[in-house]
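Protein chains in written order, with our numbering: chain A, 1 to 335; chain B, 336 to 674.
Hints listed in this document are in silico derivations from the structure and should not be mistaken for laboratory results.
Check the hints yourself; a few may be wrong.
[Said to hold, decoys possible] As a list, the in silico DMTMM-like pairs of lysine to aspartate or glutamate whose alpha-carbon atoms are at most 25 Å apart:
1) LYS538(B) with GLU581(B)
2) LYS486(B) with ASP329(A)
3) LYS489(B) with ASP81(A)
[As the list claims (entries may be wrong)] A partial selection of chain A residues facing chain B, derived with a Cβ cut-off under 7 Å:
4) ASP232
5) ARG238
6) ALA239
[Unchecked claim] To list a few chain A residues with every Cβ distance to chain B over 10 Å, as calculated:
7) THR3
8) MET29
9) THR41
10) ALA193
Each residue gets a CB set at the ideal place from its N, CA and C atoms; glycine is no exception.
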Amino acid sequence: MLTYTLRRLLAAIPTLLLISLVIFLLVDMAPGSPLSEIPLTVPPEVRQKMIAAMGADQPVMVRYVLWLKQFFWIEPLYGIDALLGTDFAQGAQRIISWQSKMPVFRIIGERLPQTLTVVGTAYLIGILIALPIGIYSAYRQYSWFDQAGTFFAMAGFSVPTFFTGNVLILVFAVKLGWFPTIYDTNLKVTDFASFYKMVMQMALPVTVLALFNAAEISRYTRSSVLENLGQDYVRTARAKGMGEKVVVLKHVLRNSLIPVVTVIALGLPTVFGGAIVTENIFKINGIGAALIGAIHVSDLPTVQTVTFIFAVLIVLFNLIADILYGILDPRIRYD
Amino acid sequence: MPDGAVPVLDVRGLKTVFRTRAGEIHAVNSVSFHLKPGELLGVVGESGSGKSVTMMSLIGLLPSPPAEVRAGQVLLAGRDLLKVDAAELRQVRGAKIGFVFQDPMTSLNPVFTVGNQIMEPLLTHKGMTKAQARDRAVELLELVGIPDAAKRLKSYPHQFSGGMRQRVMIAIALACDPDVLIADEPTTALDVTIQAQILELVKELRQKLGMAIIWITHDLGVIAAIADRVMVMYGGQVVEHAPVKELFAHPQHPYTRALLKTIPSIHGARASRLQVIEGQPPILMAEPTSCPFRARCAHALEVCAHQNPLRHPVDSAALGLGHDVACHWSAQSAEVAHA
Ligand SMILES: Nc1ncnc2c1ncn2[C@@H]1O[C@H](COP(=O)(O)OP(=O)(O)O)[C@@H](O)[C@H]1O
Ligand SMILES: [Mg+2]
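Okay, chain B solo, but in the shape it has when bound (with noise of 0.2 Å):
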């Protein structure tokens, strides 16, 4: 590690396929990263780059078939999840590892209510009684901020907003009090102003509780509010890692500056901003041999053709900061050489 810490979260080379009729997909290619305690990592990508089926690998959440996860480690406080069994699986998840998706509307079950759902891991991780789940569960309402917590325990999610639904997405996630909290573009569905709510129940449920944290937006704008650290995803790699100022002051994947330019600024029209990078990620159908960006990128060299990059550090003034890329072109030569 670079600085040291030891890591909660140690991912090491995840490569995850889907078997379809059509043949394979490769949707992660040898993802490597880490989480250190009580840390915010961002992940950001286009719809499509892997994002989300990095994450459910992780704890087996992916259906199989089709999915499957096909090599790497995954250690959990020195614990491989991948070797692990089922049932020992079971016991990490909503335990150790909390996950929140990206859509309240759906991700909570209609039929029950609001109390059982939140009670349901604490009754099956915490070996508590219906009376100490129910306690904990009003504990947790109140924690992230829905008001009237008792009473809204015998609620169903259809009687609460979108943004009432993602709280209680958290609070069932942070029922056990996981050491890590894996959120899947937990503000994606919901309107700005509500988004911004919750960014802020985050941030502060974080000081008060100091699990780390994975948050996956294709929103850079995001990623700048709360972040430590960020990871870009592309095609299933991961094609550039830096702390949060770091990359926003050095970006260097032609990937990650044609994310930024997409940040909207203050008088910018939101609609136009999908439209900057030209283009769609790739769907993979076998291991890249290749840079899977460069179809769509302005930079590409000739070895983009026929070798895909492997991350390496930058160096630039930054060095030693853990900022690293997968690209044959480099930010820097290109800068010095129009200098």
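Bound conformation, chain A alone (with noise of 0.2 Å):
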């Protein structure tokens, strides 16, 4: 498993730095220009001058190893430093957003804890409504509680959170007044009352992206468990005289989950790119609201980097999902 893992890991290497390539040209080659951002008042030389200071005026190449090397060895040896003490970095040349000139890597630590609780959160009770509905409704197939399960997770597939979203702001927000419609990004819990707000902000967007990713893995739970239930191994369980709570709970579930699991981690990921929309709706300043702002402005270090970020996760969690399912599934052997 180790060595499988590694094996991997190494694995992943060139293709995260062919996917970093790909994405640095084509934001590149996107139209927009930095520039845009100076003032008209700032006269040429000036303008030049600044332009030179971003780096900008460099050929793509140059600056796509510039910011390689900045990624993957300066950027590690900041991070060292800050948590250790130490100065590795010597000052080097961090990866600088060119709309607010801070680095980059400052403004994600900043913004990604706002989305992670968000999204971590939203993923986490979508799970945990999810996977009792699923089991519930494959174990009572066809019955009013499947059917309903049913019907609302075809609803949270189709209806796009962007929708809902609004919808949830203009019911409960601003007609009943119950939820605050802006979200403070600077509250910090500290005590119960600001706990209790840190909920309250919380609870509209979690629930969106709670509803998102329930809709979807309560699908899958069903089928899964389904499948399950009408294996030969279920029958011999019965046959032994274990009771329904064994059956379905042990055995039936103990295989069920190999593939949700899989699923689960699989659209971790893909919860960020939903999360851009959400943090937009209910004016989250995450990581995906950063990410819009810096395609605004043609800030293309932030979104390189924020985009590069999110194509490591994706990679990443392909990777944990197939170690889960060596885990999971003692049929499967890795070496």
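Put the two chains together into one complex; each comes in its own frame, and the hints tell you how they fit.
Encoded structure:
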């Protein structure tokens, strides 16, 4: 298992390099220019200097190689320095946002926790809702519960989050006033009152994302449980005199979870994509909002770096899914 | 009972239907049989004749819906299993009646160790501690002839061959010392040499443990090797029933006679054996009011078309041996007429 993991990690390197190059070139080819952010009143020589200072006057391949070095070498050094209080980086040039002139990783460090809180909570809640619904729907196939579950899952699937999000805001925040309409990014949980405020402001975005995730995962769970309920080993378990609880929650579930866990792991990075939309609707200052903002002003280093991090997450969770599969299914052997 | 022994299992007038969209399928029609202690009852019949459905009906293993056990009694030591509640029935399954299924490749749970699966009924029914159950599991694996038993407990089903998995299934079925072992075509999915090994094993276990066995097969050759009594099923009913020697010596029902012809001879090719009886077993959409074998029968009479024959004792020299048949045509009278 360990050698397999290491081999997969090594194999991921060329993949990621290729992805980074494609992202870099694509983003670079996109219309729009960082120059548009510089006021027209600035004289041309100054303008030229500013561009040179950003490094934007360099050819794209030079910028790409520099970015690679910064992403894979210098930024990790800064990371180590920040963690251990060392000084390995020695003031080397970091990846700098053209817009804010701040290191991109500092922006990410500020924004990512916002996203992770919302996305992570939503994903967790989504899973916790989806599993029991999926299991029970399958166990009582075609019951009214199953029919209702199917209906809501279809609705959850097919109605986009920007729609549900806006409807929820309109009804529960604007009309009923139960929840705040503004997400306060600077809110720190220090006591019960601020915790309560946090829960209230997270409620709507988390609901939107959780429902969306639950819809998908509950469907997967249902079909997986259904498939396993018909297997011969289930009959064997019943013939041994096992109760329905053991039959379903031990024998069937343990088998059914193999594909479900894979789907959950594979789905996690795509949730970040969904979060971009949700963050915009709920005005959450997360990584998604940062990305959208950077795209608007052609802040190429930020766009390239954040997009690449999403790509890394996808590759990483693919690997995690494969490893989990191997752990859950004794028939799979990695060597 | 013909010879007076008290049966461990006594099934009377069992009827099972499947409610499907196309209508009701009458899979088991008034099946009655009994099983004496330590006896091996062979059940034969082509695929689709209702053997599995009959046995699964006994302990409520059929999914309901669509299955419905509509009538009958299943008396296990005097208690009617069709009347007891779900919890009581679970205490019978695996404890008093052990089941071995046809396909050992799919009948074990792929994600649990073999040890876990053998220990499960012991923990549930016998109230054993984990350590006790583990010791017993080792004992059981040794009993069914799996070498290196203590180590094999930690193996997963996919690490065993088909024959070895069927041995594991037998170990599970025997874990709680059941009074009755029901084996539903346990060797059909195995190749011939392995099949012979499993048959040997069962013979041996019978001697050691003395449980009664119901052995389902569509192979009369297997029956000849191990059974004490035979029950021939067709169209969801018992068409003939006799001690094994008597059945092979004086088969009465045209279906039994045809089946006997399908036993491959030493020189005969195996491939041709299924073609001997023309046609297919019926799928009964109503309770049969005529003989279900009529359409394929070489001796069909007029009466066969409007009356389903009841089981009646065979009046032959072997009378009193407990040989009965459900047929309007009589082999005896035919033979007499020929002579
Ligand atoms: N799940 C089911 N739904 C409908 N009909 C069934 C089902 N299972 C079995 N049957 C019917 O019961 C008949 C007997 O099946 P079975 O007992 O499995 O035969 P076998 O003698 O081969 O074991 C079949 O011919 C089929 O028509
Ligand atoms: Mg069968």
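Worksheet item: What are the numbers of the hints that this structure violates, sorted from low to high?
Response: Per hint list: single violation, 3.
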